[in-house]
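A.B. asks: Place chains C, H and V on chain A using the hints.
Protein chains: 4
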Amino acid sequence: MIVVMRVGATDQQINAVMERIRAAGLKEHLSHGVERTIIGVLGQIYPELKDTLEVLPGVDEVIRVSKPYKLSSREFHPEDTRVKVGGVTIGGEDVVVIAGPCAVESEKQLFETAHAVRAAGATVLRGGAFKPSTSPYSFRGLGERGLELLAQMKAETGLPVITEVMTVADVDLVARYADILQIGARNMQNFFLLEEAGKAGKPVMLKRGLSATIEEWLLAAEYILAQGNKELILCERGIRTFESYTRNTMDISAIPVIEKVSHLPIIADPSHGTGKWHLVTPMALAAVAAGADGIMVEVHPNPDSALKDGAQSLNFDNFRKLMKLLAPVAAAVGRRLVSP
Amino acid sequence: MIVVMRVGATDQQINAVMERIRAAGLKEHLSHGVERTIIGVLGQIYPELKDTLEVLPGVDEVIRVSKPYKLSSREFHPEDTRVKVGGVTIGGEDVVVIAGPCAVESEKQLFETAHAVRAAGATVLRGGAFKPSTSPYSFRGLGERGLELLAQMKAETGLPVITEVMTVADVDLVARYADILQIGARNMQNFFLLEEAGKAGKPVMLKRGLSATIEEWLLAAEYILAQGNKELILCERGIRTFESYTRNTMDISAIPVIEKVSHLPIIADPSHGTGKWHLVTPMALAAVAAGADGIMVEVHPNPDSALKDGAQSLNFDNFRKLMKLLAPVAAAVGRRLVSP
Amino acid sequence: MIVVMRVGATDQQINAVMERIRAAGLKEHLSHGVERTIIGVLGQIYPELKDTLEVLPGVDEVIRVSKPYKLSSREFHPEDTRVKVGGVTIGGEDVVVIAGPCAVESEKQLFETAHAVRAAGATVLRGGAFKPSTSPYSFRGLGERGLELLAQMKAETGLPVITEVMTVADVDLVARYADILQIGARNMQNFFLLEEAGKAGKPVMLKRGLSATIEEWLLAAEYILAQGNKELILCERGIRTFESYTRNTMDISAIPVIEKVSHLPIIADPSHGTGKWHLVTPMALAAVAAGADGIMVEVHPNPDSALKDGAQSLNFDNFRKLMKLLAPVAAAVGRRLVSP
Amino acid sequence: MIVVMRVGATDQQINAVMERIRAAGLKEHLSHGVERTIIGVLGQIYPELKDTLEVLPGVDEVIRVSKPYKLSSREFHPEDTRVKVGGVTIGGEDVVVIAGPCAVESEKQLFETAHAVRAAGATVLRGGAFKPSTSPYSFRGLGERGLELLAQMKAETGLPVITEVMTVADVDLVARYADILQIGARNMQNFFLLEEAGKAGKPVMLKRGLSATIEEWLLAAEYILAQGNKELILCERGIRTFESYTRNTMDISAIPVIEKVSHLPIIADPSHGTGKWHLVTPMALAAVAAGADGIMVEVHPNPDSALKDGAQSLNFDNFRKLMKLLAPVAAAVGRRLVSP
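Chains as they are written, first to last, in the working numbering: chain A, 1 to 340; chain C, 341 to 680; chain H, 681 to 1020; chain V, 1021 to 1360.
Same shape as in the complex, but just chain A (with noise of 0.2 Å):
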């Protein structure tokens, strides 16, 4: 941590600095600029000490130098981590394919879908149980019916589940019946269903809140890589921005971004990241140019009726289409699309 002084501080306030700062068990290490004076504290140093100095007089900033996330930090661990979930492993070499539907809706819908998205090449199948939604007004999924469909499909299919859990009494029966737990944006920064997920015994995926930025994601994946579930996944799904074309914009410069800060893989959502259906497949396709390991794309058998999100979800015939063009595009970048 740094802290600089403004131009004219007196001595007075250096030194009620530097004493603050070994009042709290650290080092301070003075350099005197032509303008500014200058102070480095050395030392385990805990976040809040940053608020604690800047509001010193005769300071200007305090900058961080340290990264505030260690666990998820590839500088730590520069080893890449590789989840496996059913025959997959995501964070490896190859690029893996979640597909279904955004809700359960029926033991048909979900029947049709997953068969279909199987077919196609999908590893992993997708489904709400629990629905989030901005209106109280709207579809809410089927709870644990939902889940018991999942189970049944995937006793079926042997495709792996991914499903959400949206607050903490979910979380244990969630994890009965899911391979993966998902957390959603909106609760990426839930502190207690993160570590309660983070307890669960299964792998995670954590998605990234509308508004976070990079690193206040990698401190939400603290909160369950400190629980000592080192299975977690991230899933860029779009952030907010003033543009309202998209529903959201994909921040597909996060894909490289976690690759490179980061030794946790990364899914990339593009049905909610976009919002529209149309623009699922190219977006696709460029989240696993950029490296994405994986993908994560809603399917329904007639998404005309979807309860839920059917303007973002792709038709099976459109799915088919999008798996033909991604395998090629896997293959440019020297990655492999797993089969099922």
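Note that these hints are calculated values from the structure, not bench results.
From the three backbone atoms N, C-alpha and C, an ideal C-beta is built for every residue, glycine too.
Fair warning: there could be bad hints in the mix.
Stated by the list, open to error - Think about it this way: if two alpha-carbon atoms lie no more than 20 Å apart in a straight line, the pair counts; the simulated PhoX-like pairs of lysine-lysine are:
#, chain 1, residue 1, chain 2, residue 2
1, C, Lys367, C, Lys407
2, A, Lys260, H, Lys707
3, V, Lys1174, V, Lys1219
4, H, Lys707, H, Lys764
5, C, Lys600, V, Lys1104
6, H, Lys747, H, Lys1004
7, V, Lys1219, V, Lys1341
8, H, Lys707, H, Lys730
9, A, Lys199, A, Lys84
10, H, Lys940, A, Lys321
11, V, Lys1104, V, Lys1174
12, V, Lys1280, C, Lys661
Stated by the list, open to error - Distance windows between CB atoms, simulated:
#, chain 1, residue 1, chain 2, residue 2, range
13, H, Phe756, A, Gln152, 47 to 53 Å
14, V, Glu1176, A, Glu61, 18 to 24 Å
15, H, Leu853, V, Gln1172, 37 to 43 Å
C.D. replies: Relative to chain A, chains C, H and V alone:
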């Protein structure tokens, strides 16, 4: 809801849209413009219909006309909501000042602060017992011990108490001690928590999410109101933008907007809204000048040594200065700074 | 255009709106919904009418239905625009690579770079002679001397040249040397410059403004097209968001969106889009996978010592690596990396 | 400037950075922390050095410590700048009200407005002769005829006049008629225009760009100040965010921030800042409560029929109401609403 067809949409496509509308039990209303055909949808529309119609062939876009929020809307409830807490009314002519430490740290800290803010004119005491934190390595509050201290200070000072509840499991506990339950910005779309708080039988203050539009905020309010709890207060606390000098960008214009579109009272939180103590006073004055029903301000006996958010806390002296400026500003816009 | 009246709007208010519409030489179309009355406006609407109607008593909102851009719209011009420059066609099946230094610094620097990028497969040479700079204390380009060097390299290598024009007074000068005039992001709404560039008789590349919506970008394009210049290319180069790890957030989804709503070709600039050289290759690949008609990349013989934007420039070796990956990605999505 | 090395950076990498610093004629200052080595850079640093150092091997990040703006900085010029125009001083104790139509439309319109705003207490007359417009199909102002009308009204009412200059070629023309040259938000980084305006011998008002940080705004100011023109006024007019209820989000906190970091006066424009007339009054009051040196407000005899921005213009009656509220708010914060 209005369906805008593309230039050159065929009769067949137009008919398909009309059939889909009728299949949903609604009526259509056709209008042929110079360039395009437009189809109005009449009847009680469910929100997902927009998505459903938008993906039909020949459709350019679907525009919502009704507001998706009802219970919080001034159109349907023209009268101002007034929330009574202790002897204080939030939402009427009075301007209410809520003050106290970010986090309850100790009996001494809370005792000193409670008496100081009361003496300076605050009418509600704030203090966090459960603290959300971006990093798992930060201070997270005293928990129930913090609640007990708040209740003790309430008994001593007569000030009603507001404190944050962060998870469904804690709602009952917090409701036993608090006069107002606060839902934090990160939990604005934690729908289970909203509903549970709505059932707790206590007034609720709902903070605006970091990246929530005003419409989404009112939809979140809808979750609480739908539980039959009418005692709801909104709180603007800054939104996330590209500007990094301030922690957030406080959206002062949200205050008159809420006053126009909703009957709910609105409080401004310049401490979180700016993240810097030296901006708290000008922004508190701005909020009241713009029509806020009150302000919520962090005050600490010694911000330099606060365990949480010291950089944005006023010391007692600065809080007294703020109160002295606030009274004439409130009077200038026809409001009254209420006394404890 | 559609006028949505408030719940409870009076007949008098409705009549006043209808009279205002007729006074503008247009026709109205009345529709009474369950909650509200809606008035369609038929005829050739001028953009300001929205503002005019919106302030009338009883009006809730006015919704535009027609797109405000016409000349750039695919609805009105379904055929792809193809821009021919030298032997290169931008906007067809080919993927075009534009490469060169951010700023022309010296004959030696440009000579080396031009030959290196040509050898690696670039088909257009870029280089700034006039450089915008956030700070007045930064390097601002060689001016006409830079243009001369570009023309010289064009003669030597056969590569057509693109360079930025920053002010109306320089349009003729730049057009004498350049094959494509580039309008920078900061000038996207410099309307005088757009019109002057539109008259220069040369193809124009219009970069997206830092905070421009896709619609505003197409409206800016309209200024150029309205001068009769059909040879227009768009360039996505990142938008401003809250994320600070990257200089900008590159909006890859803008590529398929533009392809859908406009007939104009679109190029991606991952150098400015990310601000970091190690993100340039993955984002270039992503852009082409998403359907970009080409990429524009900054290359420098020695990025460490570049006078401008060294941090985002590839060295020759990294540029060659990018080109080797780009060809199979282009092929995977049915495109062809064109050779010089 | 501070260079933060990566965890595990080699001595060779550290030496290479130090050599690069010395090669630039600067001195280095080494500090070994627990995790990382940090290198301070001492001396007169040019802005590009950051980019140069950031790409060296082993470097994690480079942090700027000095502010990049100097002439506009309060650190270097503690005294408030006061700009005198006619009998009015902007930047002292007085609060100045600038009012008039968005665009000059006709002699009658300007005559009526000028007299009405003067009678209500405005001290500077605004009116656009050259109007920027997102669409080429919109009204773009009367040009020189508009300037003549403004000069005529100045002669009649005694009010000094502010009007926008949009292009370098018009600076001399506009400077002949105007008392203050306005640089619009879209031109905040039109560097040629800034420099030309800086040379015109007239006070300049620089509006904040739609997506400009406060730092970029002050850097743009630097272009004007560097021409020797000290008579510069800043104007906050809203920034672009995700919120769409308002046209822009008015950043009221920029007012106290500018007061802290700069000596330049700051005006608030709630008309453009909100885009809706019914928000103009509360936001004007908020701006003055937060410490603005004045406000700029659009007023029109008949906003319903305005050629430009009618939706955000006050009619005479509403302007008078604003003025009646403004005086006591200014007084409440120790300022004085100056009379014409």
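A.B. asks: Which of the numbered hints above does this structure break?
C.D. replies: Hints 2, 3, 4, 5, 6, 7 and 14 are the ones this structure does not satisfy, whereas the remaining hints hold.
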